[in-house]
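Visitor: The lines below spell out each chain.
There are 2 protein chains.
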Amino acid sequence: MKEITKRVIIENVTPEIEGGRFAARRAVGEKIVVEGDIFADGHDIPSAQLLYRKKGDSEWRSCPMNPMLNDRYQASFEVKTTGRYEYTVEAWIDPFKNWWEKVKKKEDAGENVSQDLVEGGAMIEKAALRAPTEDANLLSRNAKLFQSGERLTELLLFALTSDFIHLMAKYPDKTNKTDYSRILEVSVEPLQARFSAWYEMFPRSCADDGSGRHGTFIDCIERLPYIAEMGFDVLYLPPIHPIGVTSRKGRNNTSKTGPNDPGSPWAIGSEDGGHRSIHPELGTFEDFQKLIGAARRYGIEIALDIAFQCSPDHPYVSEHPEWFRKRPDGSIQYAENPPKKYEDIFPLDFETEHAQELCRELLDVVLFWIERGVRIFRVDNPHTKPLRFWEWLIGKCKEKHPDVIFLSEAFTRPKTMHRLARGGFTQSYTYFTWRNLKWEIEQYFEALTQSPTVDYFWPNLWPNTPDILPEYLQMGGRPAFLIRLVLAATLSSSYGVYGPAFELCVDEPKEPGSEEYNDSEKYEIVQWDLNQPCNLKGFIQRINRIRRINPALQQNKNLIFHPTQGEDIVCYSKFTDDLSNIILTAVNLDPHHTHSTILKLPLKELDLDDGRPFQMHDLISDARYMWRSNDNYLELDPHAAPAHIFRIRRKVRTERDFDYFM
Amino acid sequence: MKEITKRVIIENVTPEIEGGRFAARRAVGEKIVVEGDIFADGHDIPSAQLLYRKKGDSEWRSCPMNPMLNDRYQASFEVKTTGRYEYTVEAWIDPFKNWWEKVKKKEDAGENVSQDLVEGGAMIEKAALRAPTEDANLLSRNAKLFQSGERLTELLLFALTSDFIHLMAKYPDKTNKTDYSRILEVSVEPLQARFSAWYEMFPRSCADDGSGRHGTFIDCIERLPYIAEMGFDVLYLPPIHPIGVTSRKGRNNTSKTGPNDPGSPWAIGSEDGGHRSIHPELGTFEDFQKLIGAARRYGIEIALDIAFQCSPDHPYVSEHPEWFRKRPDGSIQYAENPPKKYEDIFPLDFETEHAQELCRELLDVVLFWIERGVRIFRVDNPHTKPLRFWEWLIGKCKEKHPDVIFLSEAFTRPKTMHRLARGGFTQSYTYFTWRNLKWEIEQYFEALTQSPTVDYFWPNLWPNTPDILPEYLQMGGRPAFLIRLVLAATLSSSYGVYGPAFELCVDEPKEPGSEEYNDSEKYEIVQWDLNQPCNLKGFIQRINRIRRINPALQQNKNLIFHPTQGEDIVCYSKFTDDLSNIILTAVNLDPHHTHSTILKLPLKELDLDDGRPFQMHDLISDARYMWRSNDNYLELDPHAAPAHIFRIRRKVRTERDFDYFM
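Chains as they are written, first to last, in our numbering: chain A, 1 to 662; chain B, 1 to 662.
Since the hints were derived computationally from the structure, they do not count as laboratory data.
Honestly, I wouldn't trust all of these hints.
Derived EDC-like pairs: lysine to aspartate or glutamate, alpha-carbon spacing no greater than 20 Å straight-line [what the hints assert, rightly or not]:
id	chain 1	residue 1	chain 2	residue 2
1	A	Lys415	B	Glu351
2	A	Lys6	B	Glu18
3	A	Lys326	B	Asp173
4	B	Lys340	B	Asp173
5	B	Lys415	A	Glu11
6	A	Lys2	B	Asp364
7	A	Lys326	B	Glu361
8	A	Lys174	B	Glu353
9	A	Lys341	B	Asp108
10	A	Lys510	A	Asp261
11	A	Lys174	B	Asp364
12	A	Lys340	B	Asp108
13	A	Lys97	B	Asp349
14	A	Lys102	B	Asp364
15	A	Lys97	B	Glu351
16	A	Lys341	B	Asp44
17	B	Lys2	A	Glu391
18	A	Lys102	B	Asp208
19	A	Lys106	B	Asp173
20	A	Lys326	B	Glu18
21	A	Lys2	B	Glu361
22	A	Lys174	B	Asp349
23	A	Lys6	B	Glu353
24	B	Lys106	A	Asp261
25	B	Lys341	A	Asp329
26	A	Lys105	B	Glu336
27	A	Lys2	B	Glu322
28	A	Lys2	B	Asp467
29	B	Lys102	A	Glu111
30	B	Lys341	A	Asp349
31	B	Lys557	B	Glu605
32	A	Lys97	B	Glu391
33	A	Lys341	B	Glu107
34	B	Lys97	A	Glu101
35	A	Lys177	B	Asp467
36	A	Lys177	B	Glu361
37	B	Lys2	A	Asp349
38	B	Lys97	A	Glu351
39	B	Lys126	A	Asp329
Given only the sequences and the hints, what does the whole structure look like? Please build it.
Guide: Shown next as structure tokens:
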């Protein structure tokens, strides 16, 4: 019943995910903008402050929240280091502030306010009791002045000085303040969590000497300049562990294996070791360290694959048979999704009484690689392990290593994907791979960039992966690769390609209707000829450079689609909060034919002036256009360039801007 | 860490208001449909059940939840009595059910399933341990059959019998089941909370003998047939308590009072008593009981006004001066909203150390009237008292008297109004009073009928009140009253008018630009001539009768607006969940001129057949029209009838429906 007299209500605080059950996600250096509905009965206006601290700190820091429209208040705090931060809100009715508003109105109406002044004096006197000596003395003196009933105007003139208002605001009467019922958290991630360009590559196909031998980490180092030149900053390697021999898959995923077939890197574990070991043909731990170091010198971070599954030859199978599911005949259950069988894979069983030991071991595996300098992990099929397991594992890792990034490779149902993201995955694979039409691109990315989704689900868009050669790329030739690249690189601040298959425009499926690559690198060593003239490396370099110099493309929240005529050209803008950087992308989705459209630009929203021309600078072709209205003509030939990426330059100088005009 | 192995996730359960902080609202007899996102890792499909009970019961009841699209599950339970109900969800992976799905697929693919059968047998054996003797024996026999490895087809044929599947489903393995983290509540209200037609009337103006004397409760009884004939079922009386003398307001809210001026009923309290007393000129407690009884015989419930404020003559002022705010000069602070002063009103102060006693007293006041048979309260300005106070007071009242209805008269900012509704108010005043244009009506009612708003905010629409004669009624003459009546009565299942001013089309404001009535009944006794030909009683009677026989108009959730050409005609349908009752209302919002439009009907949504005509039966004029397509012409003359209220009759009989055709 004591609660009754707490007059202020605090509701709908954002960011807040599922009542604070999960942390929101932000990148280091960002301002965390916190809002809340704050109101009370009657006419009094509440005062509110945001409380925040790095998790683990004992003291809260605070800053006042400012009222906006419709009883919504806002404040923000900056986060300069990675890790967890906590925040909450408190609000109260400040009797002096509300008294002050009332007295002003009465005075304006010419009413007698002598009684009010005495009341104000009493409040100042009380504030003096809350203040340290110096301020207390100043307040007491003024309290007496008010209570003496001296001439009003004089007092008002005095009180109106912002110094005095500020002084009183320093010692508010917070009796009966309301605390927001929850302490919320935000997970502050390294910058690369929000903005990254990934390149997936099989190290074993990196030997460039034409010998066809198994590539090594040292070969990868040789490849780094090529990758860096294209502008990628994450180099993601499929599992680097020893590969199983039993039931090893042959070329094109057949069950017949030739003597030189290297097997799938995802069939982890052999007599050479398991998840803590390196496949001997790739090199040593020392080589691996060299690769990490060399990559960093190129501004590239190495990402490892976490695939928590075992080949039948994995040491766990003999050392910890209790971590697998045993069949009645004593054999271990291989992976299956009836009628499909994966006999080269033994799944780990999280439903036995030994599950907790298993989980601890898997955590230790991740920590093992973190200790060896790995900062980014791409997690294979996380949705086939308990979702709460990942929440626990990632939480544990980030307690000590808040900089680590986890990318969830969950191509599964939407609820599961979102839960993995809320549960801690820094980045997530998406349905982008299959979203080719204008309406589905618009619908999907509008949903992904809205709150609260954008607060936890950070998309990483992949036009292709070793498992997925989408139909669109099979059918559309080189323009299709350009189109999908531009879309991936501009619709999301993180994207990736599986190369060199991508930049070489490899488009042959295993069979018609299949999304698998023919002669997939998953099952054999491929000798890539990077010097083919079709190589898109120059175009990719340009796109990644555009991303690097335009902050609008380095975040996901500010995205608007613009209406265009027809279904062939999709058009959207991304922009920074302050609109200082606006990037408008227009893509012809038809890889075969030229299309044109009339594009409708929301000039006001983009802070453009209908009366003055503005410059559209195409960062792909370097051409510049002058536009001046909201209706604008566009034409895109997929065989020349299927897209524009315009930087909108608002200020176009006229003669008046130059000295000699004066 | 134990949580890790709970594989099933339960999220986004609805209805749920602010994480279960508030109860959803439903009416007695409804099905409470509960949904949730339920999913797990991997391919296993979760089983789920809804748990529910009347609050206070120790045992949960349960029913299985059925999967719908996109990992959403649904179940429902019926509520046959008013009061609070609790519900929650639990879900688990049923190994047998998932095993069964897998085995079927493997069998279809012609694979050997002998090992699977043994596993199935083991599960049946375990189920036997959870079953009572008879079922246990049956299960054990079958377990042996499975484990013996007999011919598969035979077993499948046996197991396929739904009896056996049901038998196993009775004893699922719920190890590691997941409980939803919250127990949610729904407040089940009497039917009249959802569906009601209110009539506000000043008892003191009810003396029909032409003498001009002060009306009494007995006069009100005489007026009941008139009110009942119009079809209202709630008769709401402004405060019936003694009226203060000090600073009493005169006619037209002046500060000069004539000797016969009765004062505002909202200036409560005199030497005759306070909130527990009846104004002597209205009659006695016995008379009041007679009125309640007589009204019930007409199907009318009496609603009282709760206005927690005092005239300077209220007994509280002398008995409990500590419940008021004292000024430095010892006087009690009257109500003010600078520069406005309300010297006839002393507000109660909820910020003193005596606030809890005050709150208890106010609760006792409400209980006092409940004990005297009052079931409905209209609360005056609840937003000027602490919002949590109401939550506490209504909660306390409804613990013992779940049938009581509280209407919140809060014409204030949206967040506050919504919080009052969430906090327990059964019905709420709305902005309808000022929503006259097509777009604003559409926007406002689309918002009000969407979840979660519709789960707690039950609108009660008032075209006028003693305080508000809206501009629209001042300007539009008789058609304006008809238009606003039809809108109020069809846009919401609860509405009310302040009469007889409404049905007599009183439209004279105190002065131009004012919303106050001239010679307002708030400050004087008015002698109404109900026999004026302008009286809308016949029209009102028809509208209320339409509401009574059409369940579509008795609820708020199923409302869709239909596109019409132009801004003059607004058109919408309301319908029952099963579409057996569809009411389409079209209103010409211009009270001066005839307008026509083409209306677009969503035939599919309304389950109408494009190929077959359907009948539009105008329940106002009784005219019938045959329509057959989604584009239809409408014309409305405000001076004849400014609205259609169509019942859509789907089935139009043809010769094939009659025996003699055969």
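Visitor: Any of the earlier hints contradicted here, and which numbers?
Guide: Numbers 1, 4, 7, 11, 14, 18, 19, 20, 24, 25, 28, 29, 30, 32, 34, 35 and 36, in rising order.
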